[in-house]
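Residues per chain, in single letters:
Protein chains: 2
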Amino acid sequence: MYGRYTQDLGTFAKDEAARLRLQQGHGEGGISRLRRPSELLEYTQGRCAPCRVCTWQCQRFLISKVGEDWVFLILLGLVMALVSWAMDFAIATCLQAQKWMYGGLDTNVLLQYLAWVTYPTVLITFSAGFTQILAPQAVGSGIPEMKTILRGVVLKEYLTFKTFVAKVIGLTCALGSGMPLGKEGPFVHIASMCAALLSRFLSLFGGFYENEARNIEMLAAACAVGVGCCFAAPIGGVLFSIEVTSTFFAVRNYWRGFFAATFSAFIFRVLAVWNKDEETITALFKTRFRLDFPFDLQELPAFAVIGIASGFGGALFVYLNRKIVQFMRRQKTINRFLMKKRLLFPALVTLLISTLTFPPGFGQFMAGQLTQKDTLVTLFDNQTWAKQGISDEFEYLGILEAWRHPRSNVFVTLVVFILMKFWMSALATTIPVPCGAFMPVFVIGAAFGRLVGESMAAWFPDGIHADSNIYRIVPGGYAVVGAAALSGAVTHTVSTAVIVFELTGQISHILPVMIAVILANAVAQSLQPSLYDSIIRIKKLPYLPELGWGHHEKYNVRVEDIMVRDIRYVTLNCKYRDLQHVLHGTKMKSLPLVESAESMILLGSIERAQVGALLSHQLSPQRRLQALRQKALAEDGHHRLSDASIRFQISTDTSSGAPSRAASRKPLKPALKRVPSGTVETPPASHTLPVLCPRLAHTLPAASVWVCCPLLAWKVLMLPLLQEEMDLGDRMTPAEILEWEEQQLDQLVDFSSAKIDPAPFQLVEHTSLHKTHTIFSLLGLDHAYVTSIGRLVGMVSLKELRKAIEGSLTAKGVKVRPPLASFRDSTASAGEPDTTALRQLWDRHQHHPMPRETGPRSDDDDDTPK
Amino acid sequence: MYGRYTQDLGTFAKDEAARLRLQQGHGEGGISRLRRPSELLEYTQGRCAPCRVCTWQCQRFLISKVGEDWVFLILLGLVMALVSWAMDFAIATCLQAQKWMYGGLDTNVLLQYLAWVTYPTVLITFSAGFTQILAPQAVGSGIPEMKTILRGVVLKEYLTFKTFVAKVIGLTCALGSGMPLGKEGPFVHIASMCAALLSRFLSLFGGFYENEARNIEMLAAACAVGVGCCFAAPIGGVLFSIEVTSTFFAVRNYWRGFFAATFSAFIFRVLAVWNKDEETITALFKTRFRLDFPFDLQELPAFAVIGIASGFGGALFVYLNRKIVQFMRRQKTINRFLMKKRLLFPALVTLLISTLTFPPGFGQFMAGQLTQKDTLVTLFDNQTWAKQGISDEFEYLGILEAWRHPRSNVFVTLVVFILMKFWMSALATTIPVPCGAFMPVFVIGAAFGRLVGESMAAWFPDGIHADSNIYRIVPGGYAVVGAAALSGAVTHTVSTAVIVFELTGQISHILPVMIAVILANAVAQSLQPSLYDSIIRIKKLPYLPELGWGHHEKYNVRVEDIMVRDIRYVTLNCKYRDLQHVLHGTKMKSLPLVESAESMILLGSIERAQVGALLSHQLSPQRRLQALRQKALAEDGHHRLSDASIRFQISTDTSSGAPSRAASRKPLKPALKRVPSGTVETPPASHTLPVLCPRLAHTLPAASVWVCCPLLAWKVLMLPLLQEEMDLGDRMTPAEILEWEEQQLDQLVDFSSAKIDPAPFQLVEHTSLHKTHTIFSLLGLDHAYVTSIGRLVGMVSLKELRKAIEGSLTAKGVKVRPPLASFRDSTASAGEPDTTALRQLWDRHQHHPMPRETGPRSDDDDDTPK
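Residue numbers (my numbering), protein chains in the order written: chain A, 1 to 866; chain B, 1 to 866.
Some hints could be false.
Since copy identity is lost for identical chains, a pair holds within one copy or between any two.
Here are the simulated BS3-like pairs of lysine-lysine, each with C-alpha atoms no more than 25 Å apart in a straight line [to be verified]: (1) Lys771 with Lys755; (2) Lys373 with Lys803; (3) Lys373 with Lys286; (4) Lys323 with Lys540; (5) Lys341 with Lys631.
Derived by calculation from the structure, the hints in this document are not laboratory data. Quick caveat: nothing in here was measured; it's all calculated off a predicted structure.
Next up, chain A with everything else stripped away, as it sits in the complex (with noise of 0.2 Å):
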């Protein structure tokens, strides 16, 4: 019997295991499944059980160490660290190579303009092609997806491995074309993908990764991480991405973001040491401003007129790259061309750019052999261009030879720089490979700011300052506020400020920069919506936009002014011809589910696809022939079907969860339903076997094997039985069939076995529209249904809102009242509706016959008629 001993606990451990990774798919139970098979090995009594359960507890330990979350983020920082140095390192030695090409070509021009113009364009149709091919989700910045993600809406295909390898190498290819387009946007996409697909290889080892809050607390941490080591510049990072990304940002997940982005620019910057680039660990682009006196308080003005220029620059961005997407959409005849011949648009752009920053060419105008790292570092220089308006007196030294010209003095160099700049980033970044748009935006400012500085030196030669001390101004320091400006105008963010002191490593012009900072985002918001915001509007990703500055309305509007009253509902006592209706009348994605249409009690949301499945659960052919049996069987008495296979459908039926789920496993229902009863030995586990299939085939008699794996049973042995079915229902006429499916839909309506969403979330209808707001984006809501004491009044979705708050918001001067706002003052009493709807409620339960009291209490009674 020893034997037999050890079988049925080999068969219990299988079973526990599949039970466990069932629970295991559940998302929860992960700690249990950890201890339970230990717990069961010391039964095995072989020669190496104790080595045996020493593994596990290693193991157990080691699992239990991975779903910590301090060793994913670190993980998900060196990763990150690395992949930002290699690219760094891939995208420097690109275009050192284009460097190479055209300074080895120096003798005929014509070869040089050709090496300078099809390096890029090469590149650049490779990126976009290659992207196009393996995964299109890969294409632009990435920002604007992981705001929606972030929001709770699930982008599908966009955290994948296969886009990030698209990605990567996209944007390796098109950064190392030259072309004016950033990194920081497609670093922050990466670095979700990143932690996406870490989190499943981590999950082998536990299910702690399976937790859905918990994955998008570490998508959040990975755009901080993303931003973070790209700029080497972990607080503006984890701010950035706050402020681009999030509505509400929960302050327990601060630590997450601060943690994997300090350890990631660290290791990035390690990595440069390490490589012999750098002495020690120092900013990206370092600055050398003089620390005693940065700036007088009477240069103010300049900085503050910096911010406003910044304001409205940033605007005309955003405008200008949404007016050329929107100008490609529109154009007909160029659509269809460039939908033929995808790779050409991206071609003649990186041709005609490349084309004009040709150094021999007009680039010599605006310093176009300088790569984004140059210009950036000869704009944060220490020195002043322009000594009293004469060039020529300045020695201009290494690489801050481009920004000189012998026919022409700085300032035409720098106008030159900005205006050309400009138009070309924004025609850049709206190429469809990998890029984003904050680097080419922060030069441009940095050039602005120079600009205003180099002019504000040839103003004041000797400085502003009367007293004694001769402190001059510094240029560099204009380009470093100019920078923040316009970044900050164009991405509606204040955290730029931040990011570019980690990035010169000076904080000395913090006031300077934090006011044309807000002054720009204080012109830029009330213009545009930031560049993030109108991407997601052009591709039409789901949103919800911001609350404006300071708007009063929205305080006013109220649910009731904005919400859908005439919507379309199920009663539980409904028969499926209502779902019928139902299901014909309205597309809202879930339907509320209220008590009774007299009461409208509103007890749960059902959802379309679940009112879909129990239709045709109700209508199918499945249970025409049943009942056609049935008919049958009772007509020729109980000589076909014994009882047990009865009973065995009845456990079947009981717990097949969805109706979804048993519609499309039906079909084996009437197979399973002529076994003898004494092949099925567990019928009530009957659900779990298609899972424990393969596991118990073995263990059970060979004869019984069609039991464990019904398809193919059912196909090889149920053929002639299926036929005979058909048969019985192709008895039916047509005719018949209507008749019958006429009967079925006056039937009603069994929930039972649908999936009800137990608890909808619930608005009153004086909530404000400000709060409605705020409960939407906290809760990432997509509708909500508006009650009056567990009455149905109405319903509010994203669409609702969304105009309610556009419309408020475009007419800004005239006070937007909503067409039932102004009925609202002539009702006296706040409290009125809340009491009206009591009130019917209550007299439909005084109209149940209930023993009621006569006397003093009828008076009081009548004291309050309506």
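Got chain A sorted already, so can you dock chain B onto it with the hints?
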């Protein structure tokens, strides 16, 4: 008739004004209120009508501007900058005075000691006494209270003018005494009070400031202003205030904080420039560290050590602080003694601390003569104090002299300083005066960092780097790292890193600071709550603990494991007796209202006070008298009361909104009852009479004055009538009264006059603890009902949630399984409870007499027996 016309118009205008004021009380209609009177003005055909219209329009424009957020923020920033600067000035003067006294008496050590000790003792005692008398709410930091207020809890008297005055004066005296106390926590509180007072002041011009949501947003911005203008650190201020006060932060509120804090910091520093303290705007504690090679990569372990040690130190500080408070509370003898002489404890502590810091005494070993500001300046100093361990070689200049002692070296001084200041600060912050702990901790951290830095400098005199260039170690950098790490550990924030960059004006040590702060946070957070959370627990403020770092249990615990199942509820068709039972049986502040005990469908929630009011109204003597009178009336015939007076009473009944109000105004009714119906001209508006009273008085004939001021009139005229009524009541014997009350209690409750929350927040049984915590902290909930398809199944309040979180947090190693969770695994399908609930509901409907089909349907029903 012209005269009457104008009089009517005047009445109308006044009526309108009163109506609008009422509206304004409801927090809406602000704009319509501004427009209408100007329209009305056109009717007055006086000479200066156009002039007045013009004035109105100007006023309207100004008022609309006053409503803008930015005006409010600028005003707030300005006021706070002035307050901060004035306080700094006063504190500096106080400290100067002490120094002057101490310096002037250098002939006699005893006199010197007396002066040194008496001065702070007097100041602290005054501060404690003044605060105690004026506003005890001003004691302490204020951040814990602000955290609670921003969670949505209303703390009385915390944002009043009295508290403001007490806090400002108390804080100035406390800091002027030179004790190791900080000003940053109190500044957060002061700024919040400033915002609250300012919005109350500005609400005189318009109704915009009466929206609660907006006020909370402004309070959050005010917290940022508080930190920002205290340290002239706008970015750090915003981040610190977010970390310290919020759980979830609305990104749309971000710019408010930045805007106000930047403006405030700007004005604060400009005041210093105008006062000729500074040449231009710079950081408060400017450092001048080497830019080109701030630190070696190999120094990072030392920085990490600072971080970890600071983590332990911070946790110890919080522990020590709490233990001191608890010790003072528990020792009953001490406690009783101190309660009698409240000012003795502050005086004793001050005496002890100032005795120990007396410079010619023990103070010489701990740089006792330096103020907090001087200490920081010296600690952040650029020079190395210990050159190769021999401190004598080094020239101490100016205030640096304090750190030098002829008979010991700088290491001893630093160690003594750290140890003494540590317990002194922990003790001093328990004194009941307005004070924070941030600055003292910051100083201790800086000293600890300096100690490590000096040790490193002594260990590696020529730096660690082995290459050609010699880069000496900068101990000042270590001090910066230590300051950020220790203050970060005590407050559990990361943003202290940003604060030190802004305070020192240098960002070159960003990576060491970030690493140390994160490590310090990791250690401190796993050992102790933050100082503010610790104070919240000591003060027993309503709070919700944070979920810890990466505990997986929180994902596995569900609402059904922690909810209270046995809750008292009110049914719609209950009797007053049931209400009485419920009130006796529970202490919950609000009770769920369900349709019936069988269906348990949740309709809303009703406050306990409302239930009490309903009951007391039902059993009120007035109603008894009325019943008695009506009985008498029925017997006597209709000879005493006219029809009209009854009708009038009805209208009053209908219009009174809440029963509590109705109950409090009940005494009026009998008085009004016997009014001849002709006198009362506007019965439907009778409930607005008390408001209109003073305005209407002169428009009505003198004889009807008592209608307008009924309370007075009632007293004068109606006393005999009241007496008569009392007699009527007295005619009932106690037994009769009891019988009458019993009879009343058996009546069905009339909820129509009760205020019911029509959509209380609902959760589902399967909601995880993690999500519940998120929702509670997001929406600032106090309790939530757990429903299952409309049915009330339980309730979760803050208490349960707190227990569950702390349960799963304290027992960390072991998996805490809540008692009910173990049953979950045995239930096979997750959807079962829902189905059961639905089935019950459905069955209930089926039992109603309804036409029901038989046939194939009945099989389906039998399929799912339970």
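Status of each hint after checking the structure:
1. Lys771 with Lys755: Between copies only: 21 Å across, 30 Å inside.
2. Lys373 with Lys803: For Lys373 and Lys803, neither the intra-copy (43 Å) nor the inter-copy (55 Å) Cα distance is at most 25 Å.
3. Lys373 with Lys286: For Lys373 and Lys286, only the intra-copy Cα distance (12 Å) is at most 25 Å; the inter-copy one is 30 Å.
4. Lys323 with Lys540: within (15 Å within a copy, 58 Å between copies)
5. Lys341 with Lys631: neither (63 Å within a copy, 95 Å between copies)
The structure is inconsistent with the numbered hints 2, 5, although it conforms to all the rest.
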